[in-house]
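Asks: Construct the complete structure from the given sequences, taking the supplied hints into account.
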Amino acid sequence: MTYRSSSPRAITRSAAIALLLAGAALPGAQAQGQGLGKDAPGSQDHPLLQRFTGSALIGYARADWDTARVPGSPQVGPDQKFKDLQTVEGKVTRLVYLAPLGKSPLEVYRNYEQALSAAGLKRTISCEKDCYDLYQALGLSGIRSIDGLAWSNKFYETKTGSTFQASSALYYREARVLSGTLQRGGVETHVTMLTTKAGNDSSDYAATYLQIVEPKAMQTGQVTVDAKALQSGLLTDGKIALYGLFFDTGKAEIKPESKAQLDEMAKLLQGNAQLKVHIVGHTDNAGSLDANQSLSLARAQAVVAALSKPPYGIAATRLSARGVASLAPVASNADEAGRARNRRVELVQQ
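Mapping to my numbering: the sequence shown position 32 is 32, numbers consecutive.
Note that these hints are calculated values from the structure, not bench results. Mixed in with the good hints, there may be bad ones.
Stated by the list, open to error - Pair ranges (Cβ atoms, derived): (1) Asn-272 / Lys-216: 36 to 42 Å; (2) Ala-291 / Gly-238: 25 to 31 Å; (3) Ser-232 / Ser-308: 21 to 27 Å; (4) Ser-308 / Gln-44: 24 to 30 Å; (5) Asp-64 / Gln-183: 34 to 40 Å; (6) Val-330 / Gln-183: 35 to 41 Å; (7) Gly-271 / Asp-64: 33 to 39 Å; (8) Gly-185 / Gly-42: 23 to 29 Å; (9) Asn-272 / Lys-81: 45 to 51 Å; (10) Lys-129 / Lys-216: 34 to 40 Å; (11) Asn-153 / Lys-81: 28 to 34 Å.
Stated by the list, open to error - EDC-like mimics (lysine to aspartate or glutamate), calculated; alpha carbons at most 20 Å apart, straight line: (12) Lys-239 / Asp-204; (13) Lys-83 / Asp-133; (14) Lys-216 / Glu-113; (15) Lys-309 / Asp-237; (16) Lys-91 / Glu-128; (17) Lys-276 / Asp-226; (18) Lys-276 / Asp-263; (19) Lys-38 / Glu-157; (20) Lys-276 / Glu-264; (21) Lys-251 / Asp-290; (22) Lys-228 / Glu-346; (23) Lys-159 / Glu-113; (24) Lys-239 / Asp-226; (25) Lys-81 / Glu-113; (26) Lys-91 / Asp-133; (27) Lys-267 / Glu-257; (28) Lys-251 / Glu-89; (29) Lys-216 / Glu-89; (30) Lys-255 / Asp-226; (31) Lys-259 / Glu-346; (32) Lys-103 / Glu-89; (33) Lys-81 / Asp-133; (34) Lys-255 / Asp-79; (35) Lys-122 / Glu-188; (36) Lys-216 / Glu-336; (37) Lys-309 / Glu-257.
All of these numbers come straight from a predicted model, not from anything done at the bench. Each residue gets a CB set at the ideal place from its N, CA and C atoms; glycine is no exception.
Replies: See the structure below:
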């Protein structure tokens, strides 16, 4: 059961464990808030953290594997963006809750803060006053469009008779921000929380936004370009991009799940004895150009080395390694989807 108190006293670790769970939520943890309408379609509490008692889950999004940006420090630049943003890949869950009528943002915030702190949250941000810049840097004023949340269709009436919709619940008044990491099952889980006055100035509701990112490796080896498609790409365009060759971030060692793509590249070269190719490494624009130049070349050289050795045995004279860093993007580096397309190895006909 969720611990509730309007006083700032500390809670015990056992009480925190009742809030932060290693497995499924306790019975009743997903009960919808009384009088607050239905939870958002398809939504459920994250097993790590129960909702504040009586709250409704009005906004929800979950991806089993995606990328998320988490703040590494509270510093915000003049462009109202965090100066230190970390990109984390894994399971991403975003939730928006509306607390019962009359519960203040401070009471809701303090309950979550106490539970997370008692569970061992290592804080990167803790703000309870003048947090407007953090609210803006989190990008939550446009959350309806940027996070793809499913929303309940409820409208809520304030004490002055005005209304706000569930998807407009996050507001900058009384904003409080808490962000940090929790060790959970040997994995550093990232938690970012915002509580605010909900909707508008005349509201007597409190809203809470939670982002929980659980890092994990993507299931790889799901996309392989076969020898026939490789040959077709070379004949048509003189080159073809390969996304079935895998490397850890910042490293040039080929991962084992790259074997299927290497098999198809070798099949192409073994079936076309006169074919000579450049193996060209590409990166996104994260980091310095010089470092990316070295990394892209090292990755291309690793592919050449793999194809030259058994079981493939392609003559090294038919393979040329090149690295061009981020100088030949195929998409914008402004978002992770574009950066992922830019991180590639290309096969280019000599």
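Asks: Each hint should be assessed against the structure and marked as holding or not.
Replies: Cross-check of the supplied hints:
no., hint, verdict
1, Asn-272 / Lys-216: 36 to 42 Å, "holds (39 Å)"
2, Ala-291 / Gly-238: 25 to 31 Å, "holds (28 Å)"
3, Ser-232 / Ser-308: 21 to 27 Å, "holds (25 Å)"
4, Ser-308 / Gln-44: 24 to 30 Å, "violated (51 Å)"
5, Asp-64 / Gln-183: 34 to 40 Å, "violated (21 Å)"
6, Val-330 / Gln-183: 35 to 41 Å, "holds (38 Å)"
7, Gly-271 / Asp-64: 33 to 39 Å, "holds (38 Å)"
8, Gly-185 / Gly-42: 23 to 29 Å, "holds (25 Å)"
9, Asn-272 / Lys-81: 45 to 51 Å, "holds (49 Å)"
10, Lys-129 / Lys-216: 34 to 40 Å, "holds (36 Å)"
11, Asn-153 / Lys-81: 28 to 34 Å, "holds (32 Å)"
12, Lys-239 / Asp-204, "violated (61 Å)"
13, Lys-83 / Asp-133, "holds (12 Å)"
14, Lys-216 / Glu-113, "violated (25 Å)"
15, Lys-309 / Asp-237, "violated (28 Å)"
16, Lys-91 / Glu-128, "violated (28 Å)"
17, Lys-276 / Asp-226, "holds (18 Å)"
18, Lys-276 / Asp-263, "holds (17 Å)"
19, Lys-38 / Glu-157, "holds (16 Å)"
20, Lys-276 / Glu-264, "holds (15 Å)"
21, Lys-251 / Asp-290, "holds (15 Å)"
22, Lys-228 / Glu-346, "holds (16 Å)"
23, Lys-159 / Glu-113, "violated (28 Å)"
24, Lys-239 / Asp-226, "holds (14 Å)"
25, Lys-81 / Glu-113, "violated (24 Å)"
26, Lys-91 / Asp-133, "violated (27 Å)"
27, Lys-267 / Glu-257, "holds (17 Å)"
28, Lys-251 / Glu-89, "holds (17 Å)"
29, Lys-216 / Glu-89, "holds (7 Å)"
30, Lys-255 / Asp-226, "holds (18 Å)"
31, Lys-259 / Glu-346, "holds (16 Å)"
32, Lys-103 / Glu-89, "violated (34 Å)"
33, Lys-81 / Asp-133, "holds (8 Å)"
34, Lys-255 / Asp-79, "violated (39 Å)"
35, Lys-122 / Glu-188, "holds (10 Å)"
36, Lys-216 / Glu-336, "holds (16 Å)"
37, Lys-309 / Glu-257, "holds (17 Å)"
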